[in-house]
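Whole structure, please, built from the sequences with the hints as guidance.
Here the sequence shown is numbered in my numbering, starting from 442 and rising by one per residue.
Calculated directly from the structure, the hints in this document are not laboratory data.
As the structure is a prediction and not an experimental result, all values here were calculated from the model.
From the three backbone atoms N, C-alpha and C, an ideal C-beta is built for every residue, glycine too.
Since no wrong hints were added, every one of them can be taken at face value.
Think about it this way: if two alpha-carbon atoms lie no more than 20 Å apart in a straight line, the pair counts; the simulated DMTMM-like pairs of lysine to aspartate or glutamate are:
| id | residue 1 | residue 2 |
| --- | --- | --- |
| 1 | Lys484 | Glu606 |
| 2 | Lys480 | Glu465 |
| 3 | Lys686 | Asp578 |
| 4 | Lys747 | Asp578 |
| 5 | Lys504 | Glu601 |
| 6 | Lys480 | Glu701 |
| 7 | Lys747 | Glu786 |
| 8 | Lys747 | Glu577 |
| 9 | Lys526 | Glu540 |
Simulated restraints, written as ranges between beta carbons of each label pair:
| id | residue 1 | residue 2 | range |
| --- | --- | --- | --- |
| 10 | Asp548 | Ile502 | 24 to 30 Å |
| 11 | Ile502 | Ala671 | 49 to 55 Å |
| 12 | Ser732 | Ile502 | 28 to 34 Å |
| 13 | Gln729 | Val628 | 24 to 30 Å |
| 14 | Arg640 | Lys480 | 50 to 56 Å |
| 15 | Thr765 | His807 | 46 to 52 Å |
| 16 | Gly708 | Ser652 | 58 to 64 Å |
| 17 | Ser752 | Lys504 | 33 to 39 Å |
| 18 | Glu753 | Asp707 | 26 to 32 Å |
| 19 | Asp449 | Arg640 | 48 to 54 Å |
| 20 | Thr765 | Ala661 | 37 to 43 Å |
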Amino acid sequence: IWTQPLADGTPIDRGGGWLAPKHEAMFKLAAEFGVSTYKTYVKGAHLLVGEDRTRRYTGLIPKISPLAVVTIALAQLRIDRMSKKVPVDAPWMASKAAEWDRMTVADFVERSGIRTALARDLFEMAVRGLFTGPLEDTSFLDLLMLVRGHGSINTLFSIENGSQENLVEGGAGSIAARMAEVLGDAVHLNAAARAVSQRDDHVTVEAGDVSVTAHHAVVAIPPALVLDIAFDPVLGDDRETLYRKAVAGPETKTLVVYDEPFWRADGFSGQTSEPNSASEVTIDASPQSGSPGVLASFRFGRVAEKFDDLSEADRRNALLDRLTARLGPKAAHPIDVVETPWWKEEWTKGCSMAQFPPGVLTRYGHLLCEPFGRVHWAGTETSVISHGAMDGAARSGERVAAEILNWG
442 IWTQPLADGT PIDRGGGWLA PKHEAMFKLA AEFGVSTYKT YVKGAHLLVG
492 EDRTRRYTGL IPKISPLAVV TIALAQLRID RMSKKVPVDA PWMASKAAEW
542 DRMTVADFVE RSGIRTALAR DLFEMAVRGL FTGPLEDTSF LDLLMLVRGH
592 GSINTLFSIE NGSQENLVEG GAGSIAARMA EVLGDAVHLN AAARAVSQRD
642 DHVTVEAGDV SVTAHHAVVA IPPALVLDIA FDPVLGDDRE TLYRKAVAGP
692 ETKTLVVYDE PFWRADGFSG QTSEPNSASE VTIDASPQSG SPGVLASFRF
742 GRVAEKFDDL SEADRRNALL DRLTARLGPK AAHPIDVVET PWWKEEWTKG
792 CSMAQFPPGV LTRYGHLLCE PFGRVHWAGT ETSVISHGAM DGAARSGERV
842 AAEILNWG
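Following this line, the structure appears as structure tokens:
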């Protein structure tokens with residue numbers, strides 16, 4: 442989560458910002474701290490840009506060939522059916538876990554039978570947007586675990602009744618800020634944990650000038666950052682292998698700010714897609730008041746790596762060029778552009794969750810939640826329900842709290 446104010450004070454979410462209807466843990470937290478939510482704007486036409494032309498459509502399904510639509514639907518149905526066989530409490534114990542964990546997501550996409558190049562590009566981009574890292578390095582069991590935790594793959598792809606249906610008034614960071622106010626001096630900022638030692642019935646955490654000793658410690662950070670902490674006793678080979686391999690992929694989120702959401706008056710929702718471009722997906726992320734207008738633009742995986750190698754000016758020009766081609770000349774003149782390449786951030790090293798290569802979940806997955814002595818593990822990767830979302834992180838906190846309260 443990273444909520445930042447614009448020059449006029451309007452908060453924008455550079456990180457996680459959306460809530461799905463079934464994100465009960467996050468809605469409960471928001472209500473507890475007096476934070477409201479509102480619906481993402483979806484009225485008007487959506488746009489899908491292909492090599493031949495730009496397609497306008499409403500609803501979930503773009504205007505592509507009927508055969509392409511049917512083959513995409515069949516691929517998604519297969520994923521949904523297989524995901525139902527994944528146990529929520531232990532995905533690696535599914536009857537076909539070993540088979541699925543040998544496959545990659547790229548293997549499934551290649552064999553999916555989706556017709557037309559545009560349909561394959563669209564489906565590949567949508568799935569790549571879930572993991573952001575290379576699909577050929579991501580276990581198919583990882584995808585099934587993700588889908589199981591969200592109910593269906595359409596939920597992950599959708600705004601209405603899906604993962605991007607709701608935004609948080611004041612930004613998602615407002616919830617964390619109000620929690621921090623309640624905790625007061627117990628919260629130490631700019632104090633990265635560097636060492637965790639366990640002795641008898643207590644744990645000591647060293648974080649620069651801060652040293653805290655307690656009966657238990659909770660590690661709630663991206664798995665890739667765990668190995669930056671010195672543990673005593675050491676984690677052991679299996680845990681170190683898990684955290685070395687569980688790395689999030691490249692993703693860049695860019696917030697393009699205008700005086701007003703002009704696309705609404707022009708009959709567009711702000712929801713656009715153009716696979717392999719500098720702006721692969723956009724969503725209207727404007728505040729509930731409707732001013733200023735904010736488009737959230739994303740690029741994923743190898744596409745993020747490609748464009749993020751350009752200069753800042755070239756990246757901006759490439760992005761605005763694509764938005765202008767879709768939404769008209771007004772898109773060329775934002776009042777602000779806020780870019781966040783999450784895969785280059787020191788404290789995340791990727792976005793928006795760790796992905797698991799083949800063979801990792803069936804061998805090491807049980808360690809994601811299993812305590813290491815009096816050290817406990819939280820974070821969205823440790824939750825199958827709402828896996829990869831803020832709600833998954835909140836649920837993991839509830840699980841760990843119960844784990845500690847029931848200790849011994």
